[in-house]
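Fit chain G to the supplied structure of chain R, relying on the hints for placement.
Protein sequences, first through last, are from chains R and G.
The first sequence: position 63 = 63 (the UniProt record's numbering), numbered continuously.
The second sequence: position 145 = 145 (the UniProt record's numbering), numbered continuously.
No wet-lab data here; the hints were simulated from the structure.
Where is the CB? At the ideal position from N, CA and C, for every residue including glycine.
It is possible that some hints are incorrect.
Here are some of the chain G residues that sit facing chain R, going by a computed Cβ distance under 10 Å [as the list claims (entries may be wrong)]: (1) S36; (2) A40; (3) T44; (4) A78; (5) T114; (6) L120; (7) Y124; (8) L169; (9) P192; (10) T194; (11) L203; (12) A204; (13) L205; (14) L206.
For each label pair, taking beta carbons as the anchor points, the in silico distance ranges come out as [said to hold, decoys possible]: (15) G126/R / S107/G: 20 to 30 Å; (16) R37/G / E51/R: 28 to 38 Å; (17) S83/G / R84/R: 44 to 54 Å; (18) E77/R / D58/G: 33 to 43 Å; (19) P193/G / R84/R: 46 to 56 Å; (20) G126/R / R161/G: 27 to 37 Å; (21) E36/R / P153/G: 19 to 29 Å; (22) A178/G / E77/R: 52 to 62 Å; (23) M12/R / L274/G: 54 to 64 Å.
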Amino acid sequence: MPGIDECLLEAMQLPGARGAALVDWTSGLTLGTVGESPGGDAEASAAEAAELARLAAEHRVFAPAREPGDETEPPLEDLILSNRDSYHVLRFVWTSFDSSVFLHVWLGREEGNLALARIRLGELAGRLVLG
Amino acid sequence: MTALHATPAGLPPRLPVRDRSTAAERVPRGLSPMLSRLAAERATGVLLRERGTLYLADGQIVHAESPAAPGLDVLLTAHGTLSADAWMDAVNQADERHGAARLLLDSGRIAPGTLELCHLGALYDAAYFALAPSSTPGRFRYGTGHWLGPVRPVPVTSLERETLRRRVLLDRIWPDHAADSAPLARADPPRPPTLTGRQQAVLALLDGVRTAPDIARALGRPTFHTLVDIRRLAAAGVLSPRPQEPAPPPLPTRSAPRPPGERPAPNDPDVALLKRVRDALEAL
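Pulled out of the complex, with its shape left as it was, chain R reads as follows (with noise of 0.2 Å):
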């Protein structure tokens, strides 16, 4: 049953690993980071990102059809970002309590494996909190 730190460096073992931080949305605050950040700041980083989760994650335009009773929240499981040089993946953590908190792990791309990382990330996602 791993905390906060165990499962950032259980994330930092995915192949390309450069760094990764568990966020949380609403206020921007860093819950815990493990490696580098991207631009060398974890805390500018992760205000960033959280604007952008928040955004994905407000948007109905990508939240699946719903069905009636249906209050799944967020309603998104991952956000993916690539560039020249690197992927970016966010992942949502489900919670039974409430709260807004993604994962986010900064990849190499070289050897970023953008499928192994999804689903490792989903994994460490429900682990985090479900023990």
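Just chain G now, with coordinates in the frame of chain R:
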């Protein structure tokens, strides 16, 4: 930090300037000089401030409480993550060696990640209010622990930076703090915006009586997180704070003329302006 630069011949040397990169990282004085001093001396104890309480161990914040913020128990039990009985068991059995946090984890009733997330959420939330500007000085009692025990201690500098960042965040959304503590009522804007699920949950609880902390408690959500939505809803004109001043006296009638020297009605434009100036000064 000062830096001297070479200057062209014939000109006086440039004045030393403060290095902006380091200046920005420094926490401005005044948030709580006492807290900074306690961190420097690695103090253990309880800092009692007007709007909340900070618990320190070895100069780090281990717990925080405020009447304005729902406690860890509310965040954990509101949605059935932990039963109220399990929480009470742990609280009652906690002693000096085994804090309630340790007991909850050992009993397997809660995942470490869940406890850390909720605890950090409650800590930063309560500290935001505890570190709000106050009219009375704080008091510190040395050597008192907290029955919860350590979960994930936070350095004082991180807490102060985060608190300042949160103030800026709220003011950027809507720079009026009237809705933060007043009873809130629904308003009817001409063009209502699309609301998120989290905002709809807040809106459903507006009844002209509940305040932001009441709504946060009912939702099992940190008050700051609730304020983010409340300020956004206030900016969109979907909710409005009800004035906290006592109801204005009934309009004077001819049979009861206003006695000389009585204060003007609170809705006098000059009074309203003065109040806004006062609020703005207090918010500095």
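Evaluated hints:
1. S36: Violated: closest Cβ of chain R sits about 19 Å from S36/G, beyond 10 Å.
2. A40: The hint is violated - A40/G has no Cβ within 10 Å of chain R, the shortest such distance being about 22 Å.
3. T44: 23 Å, violated
4. A78: 7 Å, holds
5. T114: Holds, about 5 Å.
6. L120: L120/G check passes; min Cβ-Cβ to chain R is 6 Å, inside 10 Å.
7. Y124: 6 Å, holds
8. L169: L169/G check passes; min Cβ-Cβ to chain R is 7 Å, inside 10 Å.
9. P192: It is violated, given that the least Cβ distance between P192/G and chain R is near 15 Å, above 10 Å.
10. T194: Hint holds; T194/G Cβ to chain R Cβ min 7 Å, cut 10 Å.
11. L203: Constraint on L203/G not satisfied, violated at 15 Å.
12. A204: With a closest approach of 12 Å, the A204/G hint is violated.
13. L205: Cβ of L205/G sits 13 Å from chain R, so the hint is violated.
14. L206: Hint violated; L206/G Cβ to chain R Cβ min 18 Å, cut 10 Å.
15. G126/R / S107/G: 20 to 30 Å: 21 Å, holds
16. R37/G / E51/R: 28 to 38 Å: With Cβ atoms ~35 Å apart, the hint holds.
17. S83/G / R84/R: 44 to 54 Å: About 51 Å separates the Cβ atoms of S83/G and R84/R, which means 44 to 54 Å holds.
18. E77/R / D58/G: 33 to 43 Å: 40 Å, holds
19. P193/G / R84/R: 46 to 56 Å: 37 Å, violated
20. G126/R / R161/G: 27 to 37 Å: Given a distance of about 31 Å, which is inside 27 to 37 Å, the answer is holds.
21. E36/R / P153/G: 19 to 29 Å: 24 Å, holds
22. A178/G / E77/R: 52 to 62 Å: 38 Å, violated
23. M12/R / L274/G: 54 to 64 Å: At 57 Å between Cβs, range holds.
When each numbered hint is compared with the structure, violations occur for hints 1, 2, 3, 9, 11, 12, 13, 14, 19, 22.
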